[in-house]
Amino acid sequence: MKIIAGLIVALAIGVFFLVPQVVFVVDETEVAIVTRFGELQGVQENPGLNFKTPFVEKVTKYEKRLLIFDAPPQSMLTRDKKRLEIDVYARGRIVNPRLFRETVFTEANAATVAIPIISSSLREEIAKDDQIEIIAVNREEIMIRVRDAVAPQLVPFGIEVIDIRIKRADFPATIADSVYARMQAERKRIADRERAEGAERDAEVRASVDREAAIIRAEATRDAQITRGEGEAESVKIFAEALQQDPDFYAFQRSLQAYRTFLPDGNTTLVLPADSELFQFLQSPMGSNR
Amino acid sequence: MYNRDEPEVNLEQILERLRNFIGKLRGGRGGGNGLAYIIIGGFAVLLGLWLATGFYSIEISEQGAQRLFGKYQGPPVEPGLHWYYPSPIGAKDVVAVNEIRSLEVGFRGNTDNPIPDEANMITGDQNIVVAQLLVQFRIKNLEHFLYRAVDPDGVTIKDAAETSLRQVVGQRAIDDVLTIEKEAVQVDTQRQLQKLLDLYETGIDVTEVRLLDVSPPTQVQDAFDDVVRAREDKERIINLAAAYREGQIPLARGDAARLTESAAGFKETRVAEATGQAERFLAVLEEYRKAPEVTRQRLYLEAMEEVMPGIKKFIVDPENGGGLLQFLPLTDDGNSNDLFPTPSN
Numbered sequence: 001m002k003i004i005a006g007l008i009v010a011l012a013i014g015v016f017f018l019v020p021q022v023v024f025v026v027d028e029t030e031v032a033i034v035t036r037f038g039e040l041q042g043v044q045e046n047p048g049l050n051f052k053t054p055f056v057e058k059v060t061k062y063e064k065r066l067l068i069f070d071a072p073p074q075s076m077l078t079r080d081k082k083r084l085e086i087d088v089y090a091r092g093r094i095v096n097p098r099l100f101r102e103t104v105f106t107e108a109n110a111a112t113v114a115i116p117i118i119s120s121s122l123r124e125e126i127a128k129d130d131q132i133e134i135i136a137v138n139r140e141e142i143m144i145r146v147r148d149a150v151a152p153q154l155v156p157f158g159i160e161v162i163d164i165r166i167k168r169a170d171f172p173a174t175i176a177d178s179v180y181a182r183m184q185a186e187r188k189r190i191a192d193r194e195r196a197e198g199a200e201r202d203a204e205v206r207a208s209v210d211r212e213a214a215i216i217r218a219e220a221t222r223d224a225q226i227t228r229g230e231g232e233a234e235s236v237k238i239f240a241e242a243l244q245q246d247p248d249f250y251a252f253q254r255s256l257q258a259y260r261t262f263l264p265d266g267n268t269t270l271v272l273p274a275d276s277e278l279f280q281f282l283q284s285p286m287g288s289n290r
Numbered sequence: 291m292y293n294r295d296e297p298e299v300n301l302e303q304i305l306e307r308l309r310n311f312i313g314k315l316r317g318g319r320g321g322g323n324g325l326a327y328i329i330i331g332g333f334a335v336l337l338g339l340w341l342a343t344g345f346y347s348i349e350i351s352e353q354g355a356q357r358l359f360g361k362y363q364g365p366p367v368e369p370g371l372h373w374y375y376p377s378p379i380g381a382k383d384v385v386a387v388n389e390i391r392s393l394e395v396g397f398r399g400n401t402d403n404p405i406p407d408e409a410n411m412i413t414g415d416q417n418i419v420v421a422q423l424l425v426q427f428r429i430k431n432l433e434h435f436l437y438r439a440v441d442p443d444g445v446t447i448k449d450a451a452e453t454s455l456r457q458v459v460g461q462r463a464i465d466d467v468l469t470i471e472k473e474a475v476q477v478d479t480q481r482q483l484q485k486l487l488d489l490y491e492t493g494i495d496v497t498e499v500r501l502l503d504v505s506p507p508t509q510v511q512d513a514f515d516d517v518v519r520a521r522e523d524k525e526r527i528i529n530l531a532a533a534y535r536e537g538q539i540p541l542a543r544g545d546a547a548r549l550t551e552s553a554a555g556f557k558e559t560r561v562a563e564a565t566g567q568a569e570r571f572l573a574v575l576e577e578y579r580k581a582p583e584v585t586r587q588r589l590y591l592e593a594m595e596e597v598m599p600g601i602k603k604f605i606v607d608p609e610n611g612g613g614l615l616q617f618l619p620l621t622d623d624g625n626s627n628d629l630f631p632t633p634s635n
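Heads up: the sequence lines are chains A and B, in that order. The numbering used here applies: residue 1 is where the first sequence begins, and numbers increase by one. The numbering used here applies: residue 291 is where the second sequence begins, and numbers increase by one.
Only chain A is shown next, with the shape it has when bound in the complex (with noise of 0.2 Å):
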């Protein structure tokens, strides 16, 4: 029993003392280095348990996730000489622990080795394009050609860039006030033609519909005169038709009629021959003067 007892003791100082010196667990995130008094002896890239020497190796630990490089926003100058406020960030990751352990040694390290990197070559890109295909056109083929010129900077550092993205691309601050001054100028200009459109379509509106109203008038205009025209037409023929039974008798019955009408004015004085037919028998019962 006491040699139970002393073996679980043993084992206690063994476990607490010895196995860390013995053994190292490499996380599922993680990337080990191990050196030899600052010589390196292996990279151990699979998570899981893992042997070393002890007391003489050491074990130092990478980022195997991606790592993030956020630069500061800056101020960069675009073809067209306009200034635009760009912030960029990228993503890369840890493909050879030991070029990255020999030249930037940390994390903290490598991102101030890749920034600079990233915001020159961002720098150069955006000096190729125009301010307007920066930010509506050509932003996604920017951030390609930058991943491509920015890769192979940071192969010797043993990274790999995955990718870069412009976060933001804005108008620096100072000429904020000016872009607004452009924007209520351009919707001044919307509003404006928006009303003279308006008032142009009413125009149009009341221009024909005074037409149409005009020519439905003059058209009845025409019709009702084509219509008393022809009961004017209708009312000759039938007179004619009738009357060119007997004209003679016609001439003689209408002037009658006139005589009725005209004669008795009250200021008709006549001189008749007493030999006429109305006075034949005036002097003679026998119409003797005829």
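Treat the hints as calculated values from the structure; they're not laboratory data. Quantities reported herein were computed from a predicted structural model and do not represent experimental measurements. Careful: at least some of the hints might be erroneous.
[Said to hold, decoys possible] List time: in silico BS3-like cross-link candidates among lysine-lysine, alpha-carbon distance up to 27 Å: (1) A:167 to B:361; (2) A:167 to B:472; (3) A:167 to B:430; (4) B:448 to B:430; (5) B:580 to A:61; (6) B:485 to A:167; (7) B:361 to B:472; (8) B:472 to A:188; (9) A:52 to B:361; (10) A:82 to A:167; (11) A:58 to B:361; (12) B:603 to B:580; (13) A:81 to A:128.
Starting from the known structure of chain A, fit chain B onto it as the hints suggest.
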């Protein structure tokens, strides 16, 4: 957001060391079997307690990931009670993968609390627009979410969301972003954001991207409002013009109808009059033809009878006709010269 069961100093380890230390002291004095039993018993109890820390439960909507000496042992563990090697041998991460999480871009809490640096962005026609975006997401790949990206649901998704929104808005004119293209902005932003999150192996699934508010900057709000007013003015004027049409055309048609009807009436009247008079003439003519001489005489005399009473008459003998002029002037008024302005021989 996820919790790793890896305390740096382990309670069990400390107790173990302490007990060992005491054991050694007593052993040095040549203690009996009792001490050994205490050591063995204590060890067994500690071992049991330590093993008990391996139990853990996973709630519904959660998933668990287990690591053995740091190495992920897939696949993810589903809800229920589980046991896995306690720390430091094993480790377990439990994450609510199905819970919908939110990311606010351009505001915090509610849209009345904007963050101008995030919300103000340039449109394709170089205007500035204020956009507030709500991203909702869940975890579709626990292994990637836990072990591939740094802070996947923090800095990483925020960077990616801002980048995507700005890129998408940058491709459109301000008027489109404010009105018809709003839906398209959401769809494109979601697609772009998902692309980036997949590239960064975050294991995140974006379920919804919603623009909560898109508006012009407050500095130019009035100008934008005036455009809206101008459009309303235009509509109003066009409606008034349409009303003018509605009023004028029927009036003209009314006038036209009056003209046409009155002409038709005129025509009917004339035809009727003519027909009546013609019929009257024909009727008289018919009778006249039966006795033309007598009828003619009669008609003539009747007419004279009616006419003559209103007329001043001078009856002269044709035998003395040459002396007609001596009777002139025939009336007293002196104007009767007009009747025969030139003497006839």
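Results of checking the hints against the structure:
{"no.": "1", "hint": "A:167 to B:361", "result": "violated, 34 Å"}
{"no.": "2", "hint": "A:167 to B:472", "result": "holds, 21 Å"}
{"no.": "3", "hint": "A:167 to B:430", "result": "holds, 25 Å"}
{"no.": "4", "hint": "B:448 to B:430", "result": "holds, 18 Å"}
{"no.": "5", "hint": "B:580 to A:61", "result": "violated, 148 Å"}
{"no.": "6", "hint": "B:485 to A:167", "result": "holds, 15 Å"}
{"no.": "7", "hint": "B:361 to B:472", "result": "violated, 45 Å"}
{"no.": "8", "hint": "B:472 to A:188", "result": "holds, 23 Å"}
{"no.": "9", "hint": "A:52 to B:361", "result": "holds, 18 Å"}
{"no.": "10", "hint": "A:82 to A:167", "result": "holds, 19 Å"}
{"no.": "11", "hint": "A:58 to B:361", "result": "holds, 21 Å"}
{"no.": "12", "hint": "B:603 to B:580", "result": "violated, 34 Å"}
{"no.": "13", "hint": "A:81 to A:128", "result": "holds, 10 Å"}
Hint violations for this structure: numbers 1, 5, 7 and 12, all remaining hints satisfied.
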